[in-house]
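Could you build all of it, start to finish, from the sequences and the hints given here?
Top line first, the protein sequences correspond to chains A, B and C.
As numbered in our numbering, residues 1 to 321 make up the first sequence, in order.
As numbered in our numbering, residues 1 to 383 make up the second sequence, in order.
As numbered in our numbering, residues 1 to 352 make up the third sequence, in order.
Don't take every hint at face value.
[Said to hold, decoys possible] Here are the simulated SDA-like cross-link-like pairs (lysine to any residue), alpha carbons at most 25 Å apart as the crow flies: (1) Lys207/C to Gly129/B; (2) Lys205/C to Leu81/B; (3) Lys59/B to Lys33/B; (4) Lys207/C to Lys59/B; (5) Lys43/C to Asn136/A; (6) Lys205/C to Pro124/B; (7) Lys140/B to Leu229/C; (8) Lys43/C to Arg308/C; (9) Lys140/B to Arg222/C; (10) Lys140/B to Ser100/B; (11) Lys205/C to Ser200/B; (12) Lys207/C to Leu237/C; (13) Lys205/C to Gly144/C; (14) Lys207/C to Ser130/B; (15) Lys43/C to Arg205/A; (16) Lys191/B to His237/B; (17) Lys207/C to Arg101/B; (18) Lys33/B to Ile147/C; (19) Lys98/B to Asn25/B; (20) Lys330/C to Arg128/A; (21) Lys33/B to Tyr6/A; (22) Lys205/C to Arg109/B; (23) Lys59/B to Arg157/B; (24) Lys140/B to Arg101/B; (25) Lys313/B to Gly369/B; (26) Lys43/C to Leu298/C.
[To be verified] Beyond 10 Å from chain A on every Cβ pair, some chain C residues (computed): (27) Val53; (28) Thr69; (29) Ser76; (30) Pro78; (31) Asn83; (32) Phe120; (33) Gly145; (34) Lys205; (35) Pro220; (36) Phe225; (37) Asn231; (38) Pro263; (39) Pro264; (40) Thr297.
Hints in this document: simulated from the structure, not taken from any laboratory.
Beta carbons: idealized from backbone N, C-alpha and C, even for Gly.
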Amino acid sequence: MAIFGYVLRRVLTGIVVIWLVSSAAFFLFFARPVNTVARELAGHAATPQVINEVINNLGLNQPIMTQYWHFLNNLVHGNLGYSYFTQEPVDSMLRQDLPPTISLVIGGTILWLIAGFTVGIISATRARSLFDRSANVLVLIGLSMPVFVIGELLIWLVFQPLYSHGLHWIDTGYAGPTSGVGPFFGHMLLPWITLAAVQAAIYTRLSRGQLLDTLGEDYIRTARAKGLPERRVIFRHALRAALTPVVSQLGVDVGQLLGGVVVVEVVFGLGGVGQVSVQAVYQDNLPVIIGFVIIAAAFVVIANILVDLLYAALDPRVRIT
Amino acid sequence: MAQTELNVPRGSAPDDDSILVRVENVVKHFPVKAGGFISHTVGHVHAVDDVSLVIERGKTLGLVGETGSGKSTLARCVAGLIPVTSGRVLFNGTDITKLSRGQMRPLRREVQMIFQDPYSSLNPRRRVGSIISEPFAIHKTATGAERKRQVQELMERVGLNPEHYNRFPAEFSGGQRQRIGVARALALRPKLIICDEPVSALDVSIQAQVLNLLSDLQQEYGLSYLFIAHDLEVVRHVSDKVAVMYLGRIGEAAPAEDLYDKPRHPYTVALLSAAPAADPDTAAARQRVILVGDVPSPIDPPAGCRFHPRCPKAQEVCSKVEPALVPDNARPQSQDDAGQRAAETSQSATAVPGGWAHVTACHFPVVPGESLAAAGAAKGDVA
Amino acid sequence: MTISNLTEAGFEAQQAAEGQETAGRVEGRTQWQLTWRRLRGDKVSVIALAVIVIMVILAIAAPAFAAITGHGVNTSYPNTGENAYGNPVGPGVNGFFLGTDSTGRDVFVRILYGARISLFVGVVSTAIATVLGVVIGLMAGYFGGFIDTVLARLTDAVLAFPYVILAIALAVVFGPSLTVIMVMVTFFSWAGIARIVRGQTLSIKEKEYIEAARSLGAGPFRIMFLDILPNLLAPVLVIATLLIPNAIVFEATLSFLGLGIQPPTPSWGNMLADASNSYQVAWWYLAFPALFLLITTLAFNLLGDGIRDAMDPRTERLLAARRMRKQRAKARKNATQSGVGPGQAIPDTVNG
Chain A
1 MAIFGYVLRR
11 VLTGIVVIWL
21 VSSAAFFLFF
31 ARPVNTVARE
41 LAGHAATPQV
51 INEVINNLGL
61 NQPIMTQYWH
71 FLNNLVHGNL
81 GYSYFTQEPV
91 DSMLRQDLPP
101 TISLVIGGTI
111 LWLIAGFTVG
121 IISATRARSL
131 FDRSANVLVL
141 IGLSMPVFVI
151 GELLIWLVFQ
161 PLYSHGLHWI
171 DTGYAGPTSG
181 VGPFFGHMLL
191 PWITLAAVQA
201 AIYTRLSRGQ
211 LLDTLGEDYI
221 RTARAKGLPE
231 RRVIFRHALR
241 AALTPVVSQL
251 GVDVGQLLGG
261 VVVVEVVFGL
271 GGVGQVSVQA
281 VYQDNLPVII
291 GFVIIAAAFV
301 VIANILVDLL
311 YAALDPRVRI
321 T
Chain B
1 MAQTELNVPR
11 GSAPDDDSIL
21 VRVENVVKHF
31 PVKAGGFISH
41 TVGHVHAVDD
51 VSLVIERGKT
61 LGLVGETGSG
71 KSTLARCVAG
81 LIPVTSGRVL
91 FNGTDITKLS
101 RGQMRPLRRE
111 VQMIFQDPYS
121 SLNPRRRVGS
131 IISEPFAIHK
141 TATGAERKRQ
151 VQELMERVGL
161 NPEHYNRFPA
171 EFSGGQRQRI
181 GVARALALRP
191 KLIICDEPVS
201 ALDVSIQAQV
211 LNLLSDLQQE
221 YGLSYLFIAH
231 DLEVVRHVSD
241 KVAVMYLGRI
251 GEAAPAEDLY
261 DKPRHPYTVA
271 LLSAAPAADP
281 DTAAARQRVI
291 LVGDVPSPID
301 PPAGCRFHPR
311 CPKAQEVCSK
321 VEPALVPDNA
331 RPQSQDDAGQ
341 RAAETSQSAT
351 AVPGGWAHVT
361 ACHFPVVPGE
371 SLAAAGAAKG
381 DVA
Chain C
1 MTISNLTEAG
11 FEAQQAAEGQ
21 ETAGRVEGRT
31 QWQLTWRRLR
41 GDKVSVIALA
51 VIVIMVILAI
61 AAPAFAAITG
71 HGVNTSYPNT
81 GENAYGNPVG
91 PGVNGFFLGT
101 DSTGRDVFVR
111 ILYGARISLF
121 VGVVSTAIAT
131 VLGVVIGLMA
141 GYFGGFIDTV
151 LARLTDAVLA
161 FPYVILAIAL
171 AVVFGPSLTV
181 IMVMVTFFSW
191 AGIARIVRGQ
201 TLSIKEKEYI
211 EAARSLGAGP
221 FRIMFLDILP
231 NLLAPVLVIA
241 TLLIPNAIVF
251 EATLSFLGLG
261 IQPPTPSWGN
271 MLADASNSYQ
281 VAWWYLAFPA
291 LFLLITTLAF
301 NLLGDGIRDA
311 MDPRTERLLA
321 ARRMRKQRAK
331 ARKNATQSGV
341 GPGQAIPDTV
351 NG
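Encoded structure:
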């Protein structure tokens with residue numbers, strides 16, 4: 001089946017990309033003077049003794065290509081190294097921190113897509129109406145605000161007043177789905193909105209523009225002239241053509257989403273992979289950062305594959321190549 | 001090969017002084033690629049398939065044909081804008097197909113082009129003075145005030161107001177824009193100007209003005225023109241000799257009046273019969289030859305004579321043997337002769353029509369008085 | 001007829017149609033002049049431009065404001081700047097125009113110094129990225145083939161790359177600093193421009209005047225920069241203007257995360273990071289930097305949109321049509337009010 005070949009090719013490309021990114025990260029970090037590297041790995045409080053220990057344990061004195069080989073070997077076995085700072089293996093650390101990030105990403109993406117497309121489509125169908133104009137203003141503001149400002153403002157204007165009046169449902173910090181639906185939503189609602197806001201603004205504008213252009217095309221005029229109800233014209237005919245370019249843009253934006261994820265985690269204290277990595281920078285905790293880089297690359301690759309599949313489902317022409 | 005010399009003017013040697021450009025067996029194929037990441041060639045567009053021509057100094061060679069006949073491609077090969085697949089183009093004795101871009105540069109001063117669309121052949125963001133002075137800038141022949149003076153002189157010569165030096169093309173009409181194009185081509189006093197349908201996009205009344213201008217310039221500066229068009233009447237007016245192209249090959253070539261009075265190739269006859277006649281009575285009395293079918297694709301041209309699927313006079317030999325481009329008195333008398341001669345000339349129109357002789361590539365050329373419409377009707381639809 | 005009676009679009013069409021040589025009575029206007037005129041008429045864009053100019057002036061004059069208020073940018077004022085509980089004081093108290101921050105520093109002065117950083121990073125990085133993007137896009141589009149494949153894939157890779165990864169990695173290896181930020185902002189900005197430039201170049205390359213230039217003997221660089229580039233400047237300007245707020249936000253985000261400008265040097269980003277810890281007691285510390293940030297980015301966004309609309313000749317016709325409709329409606333109203341019958345012709349006064 002053609003689809004199978006398509007997926008296979010994407011997966012193979014994805015593996016190559018992850019390998020490339022990991023290698024780049026490796027060389028960026030390790031192809032430096034041994035002592036610098038060792039110091040960073042050992043952590044701030046390391047004595048020269050510990051540093052030597054690190055050098056020996058990790059074989060930092062070996063030629064760089066030998067180190068590289070070991071690195072790749074470990075990577076394939078899922079071993080991401082050891083954080084001297086916290087005294088635990090990196091992969092188990094990251095595994096702990098993964099759930100908040102995943103909850104955030106999934107919820108935020110759903111919200112972003114729904115809000116973006118809905119508002120965009122309605123704006124396009126009611127061009128120049130009050131709804132359209134007000135949506136436009138909101139979009140403009142959303143585009144101009146950094147994610148962290150939105151987050152801070154939400155905390156200040158929503159969380160704070162509610163909390164001080166005794167309404168503790170909305171809270172900072174993380175509570176997983178296992179803690180119950182109520183707490184889950186209570187903790188995640190504001191982060192989701194924050195993450196989704198800017199992207200939703202972008203996509204509102206994009207989908208509105210695309211749909212407006214498509215609605216001006218001749219074949220839409222034909223459909224209307226045939227007497228089709230407007231709803232059918234839009235949903236069956238216009239949407240598909242209008243939105244396929246937007247979907248192809250999704251792949252690129254998923255990468256950008258990561259930046260927002262990190263910021264939202266920091267602002268709301270969710271303790272996900274992003275926040276931990278940022279802290280790792282302060283602590284000069286190199287293994288965690290490398291782990292983060294690889295995971296982030298994997299995430300982007302997987303997301304891109306999913307988007308490609310979606311695109312192929314929408315646009316039959318793509319499946320042939 | 002004796003046949004090939006038949007069409008060089010009698011008593012002249014191949015590198016005659018009166019000949020400015022010699023096109024010899026030029027072939028230009030464009031590859032058709034398929035496949036995604038690693039594309040491979042699946043076929044070729046036979047844009048120009050073995051064409052030989054001669055352009056004389058100070059004279060105009062008209063090149064006529066439908067869209068897809070290869071005339072524009074041939075023009076660009078002669079101008080050196082695209083490389084040829086095989087063959088030679090000799091400009092003043094130099095084979096330009098072998099030159100590198102650096103070597104080609106000084107030659108560019110000798111060969112210039114005028115384009116069809118006055119709206120897209122001038123950069124809308126540049127002022128007219130800058131456009132016309134670009135040749136001077138590129139070849140570093142004049143600078144500063146002297147350059148401006150020459151540009152304004154050129155503008156005046158082509159009929160533009162030199163005070164409009166600083167205007168943008170958008171402020172001029174179509175006819176004026178073509179004049180700008182002419183001025184640009186004329187700047188370095190080239191020897192050859194290739195006109196690629198220069199008046200096709202203009203109103204008829206303006207066409208006459210531009211054509212007259214070109215004619216005046218030719219006399220004044222001794223220019224040679226390769227004039228490409230699909231409008232026969234226009235070509236008749238400006239050309240000394242005319243060649244008719246069909247699907248990458250030359251079907252017929254002759255001095256202008258000869259071609260129009262006594263066309264031989266069925267395709268030429270059909271073209272002429274389709275040209276609008278000014279006099280309604282003549283038009284009514286004329287017999288239209290209506291060709292059946294579409295022009296075949298240049299990726300897969302028909303075997304034998306390329307025109308045979310649409311030709312009202314086609315016989316079996318036409319689908320097998322490619323006719324050579326020869327004058328009447330050299331035409332083979334029988335089918336066997338035709339096959340033999342064609343084999344000898346290796347299936348290619350190697351004749352070099354200077355136009356002194358009237359050459360045709362057809363096994364059964366039209367004789368004067370013959371009615372093609374009747375022949376077509378008699379045959380029924382040609383498959 | 002006199003010129004003032006015609007709309008610009010109508011006049012140009014008429015000129016083209018008649019091919020008149022009106023002997024210099026009429027000035028041909030360049031595309032830029034027309035764009036500027038339309039922009040001037042767009043109130044929103046004018047306000048946006050004014051805001052930007054004001055912000056730039058404020059930023060340049062930051063040391064002056066520090067001198068006027070007598071508060072240094074990094075100096076704490078525990079006596080006047082903090083109240084009895086050791087908390088920051090609000091706007092207007094003790095000569096602090098916008099209040100103080102968590103360590104008693106003048107918020108207003110710090111905001112102005114932060115503006116310097118934001119505007120500098122925003123404009124300079126975008127400028128460099130624009131130059132890079134244009135050159136790369138031109139070369140990819142014009143040369144095609146292998147060069148194009150390599151450059152286009154590189155552009156796509158950069159566009160899709162999550163900036164956060166690189167930000168974190170570079171911050172660890174080189175340590176956060178202004179240079180690192182500028183390199184990163186530039187690195188992530190050029191690709192957007194390169195992609196648009198490449199697309200436009202590909203389509204412009206096929207135009208006849210490019211072929212004409214080649215037939216004249218022009219070399220590729222001459223064609224790229226003298227023939228193709230002038231046709232690109234319009235979209236490039238729009239994108240560059242819209243990239244500036246992105247750059248500003250990027251810098252603010254990085255500083256907020258601690259990967260950018262380090263305290264005590266003020267940047268809107270790190271001020272907001274600090275403010276997030278003390279907003280319960282000092283709302284002004286959060287509100288005012290956020291406000292300045294928002295106003296600046298909004299202004300650039302509006303200006304970019306305005307330029308884009310001003311360059312689009314369709315907008316002109318839209319606006320002209322709207323004006324005509326309004327005038328007809330007004331004339332109709334006046335006519336019926338003054339008793340003119342509906343059948344009488346109402347003169348169209350068309351103002352350009």
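Does the structure break any of the earlier hints, and which numbers would those be? Violated hints (numbers, rising): 3, 4, 40; every other hint is consistent with the structure.
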